[in-house]
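Protein chains: 2
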Amino acid sequence: MFDVLAFDADDTLWANEHLYIMKRERFIELLRPYADPDLIGKTLDETEITNLRYYGYGIKSFALSMVETAVSLTAGRVSGEAIQAILQFGKEMREHPVQLFAGVTAVLAEVGQTHTLMLITKGDLFEQESKIARSGIADCFRHIEVVSEKNAETYDSLLHNYGIAPSRFLMVGNSLRSDILPVVEIGGTAVYIPYATTWAHEHVSSHTDTTGYFELEQINQLPSLLKRLT
Amino acid sequence: MFDVLAFDADDTLWANEHLYIMKRERFIELLRPYADPDLIGKTLDETEITNLRYYGYGIKSFALSMVETAVSLTAGRVSGEAIQAILQFGKEMREHPVQLFAGVTAVLAEVGQTHTLMLITKGDLFEQESKIARSGIADCFRHIEVVSEKNAETYDSLLHNYGIAPSRFLMVGNSLRSDILPVVEIGGTAVYIPYATTWAHEHVSSHTDTTGYFELEQINQLPSLLKRLT
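Each protein sequence line maps, in turn, to chains A and B. All the letters of the first sequence, read from the start, carry residue numbers 1 to 230 under our numbering. All the letters of the second sequence, read from the start, carry residue numbers 1001 to 1230 under our numbering.
These are calculated hints, taken from the structure and not from any lab test. These figures come from a predicted structure and were not determined experimentally. For glycine and all other residues, C-beta sits at the position ideal for the given N, C-alpha and C. Among the clues, some could well be false.
[Unchecked claim] Here are a few chain B residues that face chain A, going by a calculated C-beta distance under 8 Å: (1) A1063; (2) R1094; (3) V1098; (4) S1148.
[Stated by the list, open to error] What follows is a set of in silico ranges between Cβ atoms, one per label pair, in the way DEER data are often shown: (5) B:Q1113 x A:Q84: 52 to 58 Å; (6) B:S1072 x A:L229: 55 to 61 Å; (7) B:G1103 x A:E217: 55 to 61 Å; (8) A:P97 x B:E1046: 24 to 30 Å.
Modelling step: build the complete structure from the supplied sequences, incorporating the hints.
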């Protein structure tokens, strides 16, 4: 029924967002002498969103937004050591081992026997390539694409480049906004596997119509869904 | 003689490095109250090189390295305003208009009549896409590829993906290390157009054998070189 199965990476194949959440907590701790914890978290979130247009996604953007928040929230009184600690947060995130979700390797091996597999991930090229290389599963994928935004136009252009008909394309991911809705929009099939802590910016506020995509609790259920569909 | 002409972007089609040089000067001015100007420049350069493995290329990496250098060179005494100024340097670079070199538009229009044109640029995906979009020449290129490193393996894999024979491929760029030598290595043809201030890291220290590639002073000379070759 499908020629190509495409997978999102962050929080679909491996854990990612928890790193941001952990460092956000450490950042709040770090600035606690200067400001109210809720205000620190809120200001960081807002700074990140505002800076998307300058920086895009990824660890470097997050680090720069933390530095900016630290300076602005303390009216410039933040210590050099605190700035150094923030830079260190970023480097630690960058070096953190890639932790595959349970079952990912087995599922890719199984569905890869009957389908061409593709990885489509959004974010910082340098960081994504490093994670893919360290994940140990790069060889499972015929094509790997790192894109800066995942909208209908992105998928349209990828499918066109690879000569894939939307009706033969299935995308698996954890973000309704980036992995599911744009794929449904261009006539593809999407499998939504929610991840507990999907970032506020990725939420789709008013989505009620669940027709057009499938929802699974975990990636282990993908092979049986594919069998059911064919 | 060639099916595909590929172009590097930064400092081949538009000016880029001068932005880094200008902000490096401003950074040195900013830290002058704390340290010797030569030491500031040298420390920033070293920090950038050391951080390549964490950050890769681009403005965000440069901004983070400036912040790190400011904290370390002042033993943490750098002011919050100086940190804010550094962040602002990064945002200004990000918003700077893309300035095409003289003749680029006419040359692309001319050689594009007889060849498929491709853009192959190294660096931060988000920043490169933004510059390409703002350059006004994106439509000249059939394919646009942003890569994190330009070595023989990169070119090999790109040519393989697009089904281009190396002997039918010509690359134009300003970096011997990234645009010229790896293309020659895989059996392609390369046209070197040096740019006055190519970054220290891009220099090839001991290159003496100039066979295997052509050297031009400016991109305007490309059409006549092509005519000479065919």
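Here is what the structure says about each hint:
no., hint, in the structure
1, A1063, "6 Å, holds"
2, R1094, "5 Å, holds"
3, V1098, "16 Å, violated"
4, S1148, "5 Å, holds"
5, B:Q1113 x A:Q84: 52 to 58 Å, "55 Å, holds"
6, B:S1072 x A:L229: 55 to 61 Å, "57 Å, holds"
7, B:G1103 x A:E217: 55 to 61 Å, "59 Å, holds"
8, A:P97 x B:E1046: 24 to 30 Å, "28 Å, holds"
Violation of the numbered hints given earlier is confined to hint 3; every other hint is satisfied by the structure.
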